[in-house]
Amino acid sequence: MSLTSVTEKKKEVDGFAEEAVGHLDALYAVACKLTRNPSEAEDLVQDTLLKAMRARDQFNAGTNLKAWLFRILTNTFINKYRRGGLERSVLEGPDADPLVDGWVSASTMRHLRDPEQQALQPIVEGEVRRALDALPTDFKLAVILCDVEEFSYEEIAQIMGCPIGTVMSRLHRGRKLLQRSLYNHALALGIVKGEPMPETATHASVIEKPADLAAFRTKKRGAA
Amino acid sequence: MSADACKSMGLLLGAHLDGQLDPVKTLEVEDHVAACEVCRERLALDRALRGSLKKAVKTPAPDVVRARMLAAMAGESARETRREEDDLVAVSSTAALVACDGLDASADRTSTPASRPQRPSMLRHWRTMLPLASAAALVMAWGAAAKQPVARGATDTMVPAGLSDDLLRDFVGQHSHSLPPEQADPKQVRQFERYVGVPVRVPQFSNAHFVGGRLVPLHGGERAAMLQYEVKQGADVQRVTVFVYDPRKIQIGGANLAPRAIGTAEVRVGQTDGYSVALTQHGGVGYAMASDLDPESSANLVSAVDHEQ
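From first to last, the protein sequence lines stand for chains Z and F.
Per the working numbering: the first sequence = residues 1 to 224.
Per the working numbering: the second sequence = residues 1 to 309.
Be aware that one or more of the hints could be misleading.
[As the list claims (entries may be wrong)] Cβ-Cβ distance ranges computed for the label pairs, FRET-style: (1) F:Lys-55 with Z:Thr-63: 18 to 24 Å; (2) Z:Gly-62 with F:Arg-82: 25 to 31 Å; (3) Z:Glu-154 with F:Lys-249: 45 to 51 Å; (4) Z:Asp-57 with F:Asp-273: 44 to 50 Å; (5) Z:Gly-22 with F:Glu-193: 34 to 40 Å; (6) F:Asp-22 with Z:Gln-58: 27 to 33 Å; (7) Z:Asp-57 with F:Pro-217: 40 to 46 Å; (8) Z:Lys-80 with F:Gly-284: 35 to 41 Å.
Hints in this document: simulated from the structure, not taken from any laboratory.
For each residue, glycine too, the CB sits at the ideal point set by N, CA and C.
With the rest of the complex left out, here is chain Z (with noise of 0.2 Å):
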């Protein structure tokens, strides 16, 4: 037996237990916010650690660690948590709401984005926490891994396992769908002014669309 390659190895592992560590406040905020329980999210940040550790020969050294691991972390959750898989198919369609776009002036947006009373921005922020929970995982991830951790669109598009168009689109309306949920808070405020919003046009179509979901499954199945 030799004490130096123990060592070694043991050195080797230690090494990348703490780079993957340095990512550990990233993971378990964005954890959080996919399982919304903090023991949940430990329990998700703990499977995702152990997994990379155990499959750290398979990452290739000098390439983005963070999104590795995080590419961890959202398949585990989707194994985890949603069995059923993500409803991923729908949401790769066109933009079924075109709509979205062009929907308030440019005074109410500045309203939305800079209340005239200051003390409304502690509201809206805690509205946008609140819209964000509501939003439907897949477009919530993509949303939470470019605005908050930064990633390009080729490394959400790695993590998520989806095309970059794809990125692009559930970016898109996610944000869409965040504005429009803090739209419809700002006017119930008073702070802009307006007719209300349907918040749940995307939702709704892809709850009414059960069929088409398998239709685009078996299609999607085929071409692959």
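Assemble the complex: chain Z is given as a structure, and chain F must be docked to it using the hints.
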């Protein structure tokens, strides 16, 4: 600005904000945004939203979570090391056979890593290669130790008489009047790390039996892990004790110890109170071996902790 132009900006604005557009598209978006108040506000709103999202998501992991993750990973690391060691035990019989061939070919320099055994072809994984070669080297060293092939005269000339270092006497004293082991399970012995301050690994020798380990106090309030082995040679049982210590805290008087290079390892060798002592360091961990063997054999043996491939 036409509504159509704004509509086609939809996806581009987001990608622009994310810095994901190529230069041509970037110019296109910038031109449009400069001329269109609505799209300018859309961009500003997106940007503000991004800031709010960062605040909403940011959740530093609590210390207790961090501690749990570190513990889980340390546990995984220990399990892996354990598996590696099991692999080593599994290959050590093969290594011993190969080593015997090597022994004839290089009778008096058997510990030199240059006399590396051929790699048996059935090894399925590269990871087992390094441990195998190291194990073979150690087995050779051990074989040499058991045979005591070196003339005493050669050894005596390099050993200054009477080592005065207190710590060295500590080690030898612990070896000669050894207390019974506290732990026979190498896994438990590894837990000594927190008292010793360096990782405590249990070397496994193919023809030596690990009896157990214990913590021993040393002069100056420091502690070392004491690992006890027995080698059977016919009816005789020879004892070998390996001390694992933190060389930053425990400096052992080197003046009375003769430095030697064995393979790539620097080993210091001496004799005190009738026992041979050999010291080496590797990976920031100090190893001292006190044994009933002759100094040359001890030196060869302890050098094996430092065999680099």
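| Index of numbered hints that the structure contradicts, given in increasing order | 1, 5
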